[in-house]
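Chain A is fixed; fit chain B onto it per the hints.
The primary structure of each chain is shown beneath.
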Amino acid sequence: MLEFIQGFQLSEFEITALILSLKVSGVASLCVLPLAIFIGYLLSRTSFWGKSLFEAIVYLPLVLPPVVIGYLLLMSFSTQSILGRFLLDNFGFQFAFKWQGAALAVAVVALPLMVRSIRLAFDLIDLKIEQAALTLGASPLRVFLTISLPLALPGIISGAILGLARGLGEFGATITFAANIPGQTQTLPLAMYRFIQTPGAELMAARLCIIAIIIAIIALVLSELLTRKMKNKLAGVK
Amino acid sequence: MSYLNIKIRKRMGNHSLAFNLELPKSGVTMIYGPSGAGKTSLINMISGLMTPDMGKIKFADTVLFDSHKGINVKTYKREIGYVFQDARLFPHLNVKQNLFYASKATANDESNRLIKLLGLATLLKRMPNTLSGGERQRVAIGRALLSKPKLLLLDEPLASLDTEKKKELLGYFKQVVKQLNIPILMVSHDESEAMTLADNLVLLEAGKVLDYGPLESVWNKRSQGGNIDNQIHSMAYSAVHKFDHLDYAMSQVEFVHEKSGRLTGSFLWMKAQGMGQHQTSGDLKKTVLKKQVDTSNKFRLLIDAQDVSISLENSSLSSIRNRIVCRIVSCQEVGREQSLLVNMADTNGVIFMAKISNWAWREMKLKMGMKVVAQIKSTSLVPIQ
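For the record, the sequence lines run as chains A and B. Note that the first sequence ends on residue 238 in the working numbering; no numbers are left out. Note that the second sequence ends on residue 1385 in the working numbering; no numbers are left out.
These are calculated hints, taken from the structure and not from any lab test. Some clues are possibly wrong.
[Unchecked claim] Far from chain A by the CB rule (all over 12 Å, computed), these chain B residues: (1) K1074; (2) M1127; (3) L1153; (4) T1163; (5) D1346.
[To be verified] Derived lysine to aspartate or glutamate pairs resembling EDC-like cross-links, with alpha carbons at most 16 Å apart: (6) K128(A) to D1086(B); (7) K1104(B) to D1086(B); (8) K1058(B) to E1022(B); (9) K1367(B) to E1313(B); (10) K1355(B) to D1307(B); (11) K1174(B) to D1211(B); (12) K1025(B) to D1066(B); (13) K1074(B) to E14(A); (14) K1077(B) to E12(A).
For clarity, every value in this text was computed on a predicted model and none was experimentally measured. All C-beta atoms in this analysis are idealised placements derived from N, C-alpha and C, irrespective of residue type, glycine included.
This is chain A alone, in the form it adopts within the complex:
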């Protein structure tokens, strides 16, 4: 045990996996956040034909087995598919088996979590406050940017962190869609899975496990701190 702790200096392999994990999840979360805010606002404030169906599709990845998501992504974006072919031919770009593919898988899985949290945040804003802003001559866009968005910020941040954390743990969709390629798509969970599969690499797996736990704790504490700070600001505490 002592040896285990003393030897806790990250190996190059672990650093690669860690950085890749952060990169995949970070990029996916950042890219999908504006979309999540848009969808969250849409679901909270508007009603349109087919809203229930739209909502169901957005939330579907929450309940689908991740391997199904990976499979569907593979069907849609592999170079054999129409969309994948189109991207490759016109932009020379492909998702499958690249870190961007892993990011796409993470984005699909993280989106519904973010939307849920963000939608709730918009739901909780008193519409009357937005009405007051309208009577002061502020355009709907200005009301959104200066009133709705700042007031929803705690929910948006916690949604983003939730999405990020979910992304860091993404396994099924990623391994199905982007495969398990070291340095390319082998994120922390995927690396851990490989060690578990390899006889005699239990220690390596345990080390990755600890890293994963530490990252999760940091994310949760950060989220808690940010939310508290926002709440304090609203309560007028300096």
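Frame of chain A; chain B shown alone:
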């Protein structure tokens, strides 16, 4: 001359609202009525926060809403300020940021004056959640005014406050109103609020406009109706303070014609309010003649018909200071109360209304046109200001 023309209909669940109104360009108009009468809906439709089913709203030369022509100007383009019952400050912005939220709000001498007038200068850096109810409403009023509206709507802005705070804010508000040159529409079900601030009155009941016009005429007509469901039958008057009688701590006030603004020549004694110049004592007649009465400094007086009694002879002394010789001009039964509302006009045409029992009427053998004395206890009179 009407400035705001409203002719709208709206169905809301089981209720239907139908408002026809024409309001003048200046002054404060109070929208008065029981809850559920549609007061807030009316101003919401003027502000554009609620859309009427059909009809037309015209303000000055602008059509704000016209269902036939498909016109519906968006709320943020209407330039109509709105002070809500619940302040609705932006919780994430401090007082200063709230005040200057409107893009039209600019910091200059004028805005500084308003901030001082509303007593907000020391609160600028505070967050809304740390303010008291009264402070919050003052910020909301300032915020609406700084957006330079062409019309100001207020939805019971004082309703959430206790009596003490209400009085304080009413004071602030009265000062602000004096300096404003825009029409103000204020929803209320508080009569002292109406009496203090309003020039015009709109009576709403069950989604309809019962009556509208200058406050005293509308109010008095409603009270004289007798059969209406309200328990209070009172007459509203405008009056000016003439002088104080310090020996007995009494003030004499003179009634003012509502429409012409001229003095009527009819007086009342009431408890000294310390509103005018104090006379040391002594020669009453001299001071009465010499005092220059400032008719711009009017206040409202509400006389409850229960505080007015009728007597036949004027000769004997009475503890009641106000004994006015009148003729009975009309009489109206009050619901099932076995009592009567008797209207009496004095020699200057000022109408007083007494609520008396049917018994008294019969025993005193009162008749239309009969000469009587209206007695009003001076201690029951309180100026509303």
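Against the structure, the hints:
no.	hint	verdict
1	K1074	8 Å, violated
2	M1127	3 Å, violated
3	L1153	8 Å, violated
4	T1163	26 Å, holds
5	D1346	47 Å, holds
6	K128(A) to D1086(B)	9 Å, holds
7	K1104(B) to D1086(B)	23 Å, violated
8	K1058(B) to E1022(B)	10 Å, holds
9	K1367(B) to E1313(B)	15 Å, holds
10	K1355(B) to D1307(B)	8 Å, holds
11	K1174(B) to D1211(B)	25 Å, violated
12	K1025(B) to D1066(B)	21 Å, violated
13	K1074(B) to E14(A)	58 Å, violated
14	K1077(B) to E12(A)	61 Å, violated
Comparing the model with each earlier hint shows violations of hints 1, 2, 3, 7, 11, 12, 13, 14; every other hint is respected.
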